[in-house]
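There are 2 protein chains.
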Amino acid sequence: MQVKIVVDAMGGDQAPGEIIAGSLLALQSDPKLHIIFVGDEHKIQPFLPKYDLAGRYDIVHTSQWVTMDASPKKALLENPEASILKCMSLVNEGLGDAVVSAGNTGASVLAAAQVLPMIPGIERSALAAAYPTSKFTPGSHGVALLLDVGATLHCSAKQLVHFAYMGTYYMSHVMGIPEPRVGLLNNGEEETKGGEVLVTTHKYLREAPGVNFIGNVEGKDIPKGLADIIITEGFVGNVVLKMLEGVADVVKDMSKFAFSHKLSWKIGLALLSSGVKRLKKKTDYSEYGGAPILGFKKLVIKAHGRSNAKAFSNAIRITALSVRDNITGQIGDSIEKFNRQHRMDFMEI
Amino acid sequence: MQVKIVVDAMGGDQAPGEIIAGSLLALQSDPKLHIIFVGDEHKIQPFLPKYDLAGRYDIVHTSQWVTMDASPKKALLENPEASILKCMSLVNEGLGDAVVSAGNTGASVLAAAQVLPMIPGIERSALAAAYPTSKFTPGSHGVALLLDVGATLHCSAKQLVHFAYMGTYYMSHVMGIPEPRVGLLNNGEEETKGGEVLVTTHKYLREAPGVNFIGNVEGKDIPKGLADIIITEGFVGNVVLKMLEGVADVVKDMSKFAFSHKLSWKIGLALLSSGVKRLKKKTDYSEYGGAPILGFKKLVIKAHGRSNAKAFSNAIRITALSVRDNITGQIGDSIEKFNRQHRMDFMEI
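Respectively, the protein sequence lines represent chains H and W.
Our numbering numbers the first residue of the first sequence as 1 and each following residue consecutively.
Our numbering numbers the first residue of the second sequence as 350 and each following residue consecutively.
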């Protein structure tokens with residue numbers, strides 16, 4: 001099936017060079033792929049091949065874009081022609097199937113929210129993050145999805161169940177994990193924990209068809225990979241995700257110190273280097289498929305800002321797969337069924 | 350100043366042996382200390398010295414106690430004479446100055462709530478947890494306090510500011526950190542982040558006299574030790590604390606694997622062992638002062654369940670120091686002033 005991916009050529013620490021290089025890699029390996037680059041034509045042209053891949057891509061020009069460290073809301077207001085906004089408009093008009101961007105995360109989420117219609121029945125979109133988990137936990141797939149890590153502060157039970165469906169389709173279709181295990185992040189394993197919203201969510205998830213719910217999970221289960229999908233409100237997801245980054249930073253600092261501090265430690269680290277490399281590869285974002293922004297009628301995949309060509313082509317590959325599997329359609333069908341099943345519960349009488 | 354500490358002799362993985370041994374160590378090093386052991390006399394007696402320290406301790410007998418893995422609420426209901434409840438009653442009647450327990454955390458918090466009066470002006474008690482932080486972050490003291498990690502699900506701005514005062518007195522007096530830096534856990538650095546409660550808390554903390562507020566902190570700052578005290582509602586604190594435990598478990602699993610998997614890795618780890626030992630010491634709970642339960646008129650210190658004699662004597666030492674510094678009185682004075690300053694804000698009109 002022919003798939004048209006819209007790429008924000010200006011987004012990413014190494015844009016547009018690595019972004020375009022990654023897109024071309026994806027075009028080479030997938031003959032039924034077409035790419036629309038959105039960005040400054042003069043900056044994009046130098047990275048395009050002279051003769052190859054002719055007709056496999058287009059350029060939509062704009063001279064505005066959001067920089068990586070810009071304040072998302074302000075930048076979008078000041079740049080109504082920003083490349084990320086144009087990307088969303090193109091897919092909204094049916095000129096493309098999905099958006100991939102390695103740019104400013106906040107701006108990607110806001111631009112999607114501003115332009116794209118939601119899947120009917122869904123109230124809140126979610127930003128999901130794939131993160132590496134321990135291979136030593138039985139059942140762990142070495143990667144898990146945490147959502148929401150975006151802008152939702154607090155969520156209703158209904159919204160949290162919707163997140164479970166979004167995560168389930170993404171992990172099963174895109175990451176290839178059959179019947180991914182869904183855990184509800186809570187402050188205890190018992191189903192009575194966490195207050196009214198989480199108790200109700202727990203009850204709904206127990207009965208949700210197509211969701212492989214394994215119950216509440218706790219903070220300690222997050223790095224262990226006890227669940228393939230962890231459901232939580234955006235505030236908590238944000239703290240958890242950033243904490244994983246913080247722990248990785250501290251470990252890096254420690255090994256740097258050990259390496260420079262003592263000869264025996266230096267030799268020790270050198271002997272461990274093959275293991276450390278393996279670990280680095282495991283915790284390298286380029287190995288993961290990026291962070292999907294779920295809940296909109298069109299799929300938006302946020303690749304990591306640090307993405308190089310390889311990581312970006314991987315993000316495109318995953319996005320094309322999701323489009324072909326009609327993930328957004330499947331999410332919509334399941335959620336419509338769930339909402340219908342609980343129509344009485346959701347009425348405020 | 351003479352201090353009477355009430356010890357739950359039945360609480361802890363290695364109770365009563367290590368609990369009593371630790372208490373005796375504390376008595377030996379502090380001539381103005383008196384200890385009341387609460388628990389089963391027949392189990393306590395064998396661990397007491399024949400002649401030494403006569404008159405320096407008493408035993409209050411009870412044949413009921415809460416086991417480490419018991420469900421707290423149920424256990425307290427079924428054991429109205431439980432040692433931890435007796436401990437609270439003794440300090441409430443003025444027969445002791447503070448309680449130290451290495452037992453079931455939930456039961457300690459619930460027993461305190463059931464028996465002890467709150468400091469006037471405080472609405473919610475907090476369970477605080479000291480955790481190790483990176484020494485590589487400028488300003489880090491190698492230890493920080495996270496609160497609440499207890500039972501509060503959601504908090505008001507007023508309650509969060511109270512936590513800041515509790516933490517400030519504990520860290521400055523007990524841990525000896527002058528003007529400890531207070532951070533408010535949030536999903537962004539900007540003061541507009543986190544919703545109404547956190548925005549208001551931020552505003553209050555900026556103006557709170559005696560609180561060294563450094564602004565919002567994010568998940569990544571938690572392991573780095575950017576703040577000496579991190580304020581958050583109990584749900585988030587619980588997830589964060591358990592995640593730190595989970596990460597430590599994963600690191601342990603990985604080194605075990607590396608040690609057994611490859612000779613070069615085994616030798617590498619052996620060469621690093623002095624560093625690993627240092628790290629283990631740093632992340633060893635026995636080096637920390639236990640988790641204070643703050644907000645009650647009498648101080649309750651929860652030592653780690655795994656406490657050995659050394660760790661438990663350290664918890665007693667810290668508790669005696671807190672009593673002599675009249676920490677609960679100082680917390681009460683500051684909070685009374687803060688409440689008065691914001692009396693208009695807290696009125697619901």
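Please keep in mind that the hints were generated in silico from the structure rather than gathered at the bench.
Hints should not be assumed to be uniformly reliable.
Listed next, the in silico DSS-like pairs over lysine-lysine satisfying Cα-Cα at most 25 Å (straight line) [as the list claims (entries may be wrong)]:
1. W:K542 <-> H:K266
2. H:K252 <-> W:K601
3. H:K74 <-> W:K542
4. H:K252 <-> H:K135
5. W:K601 <-> H:K266
Subject >> Hinted pair K74 (chain H) and K542 (chain W), Cα distance within 25 Å >> reply: holds (15 Å)
Original post:
Would the pair K252 (chain H) and K135 (chain H) pass a check requiring their Cα atoms to be no farther apart than 25 Å?
Top reply: holds (20 Å)
Subject >> Hinted pair K252 (chain H) and K601 (chain W), Cα distance within 25 Å >> reply: holds (17 Å)
Original post:
Taken at face value, is the distance from the CA of K266 (chain H) to the CA of K542 (chain W) at most 25 Å?
Top reply: violated (43 Å)
Original post:
Would the pair K601 (chain W) and K266 (chain H) pass a check requiring their Cα atoms to be no farther apart than 25 Å?
Top reply: Measuring from Cα to Cα gives roughly 21 Å; hence the hint holds.
Of the hints listed earlier, the one the structure fails to meet is number 1.
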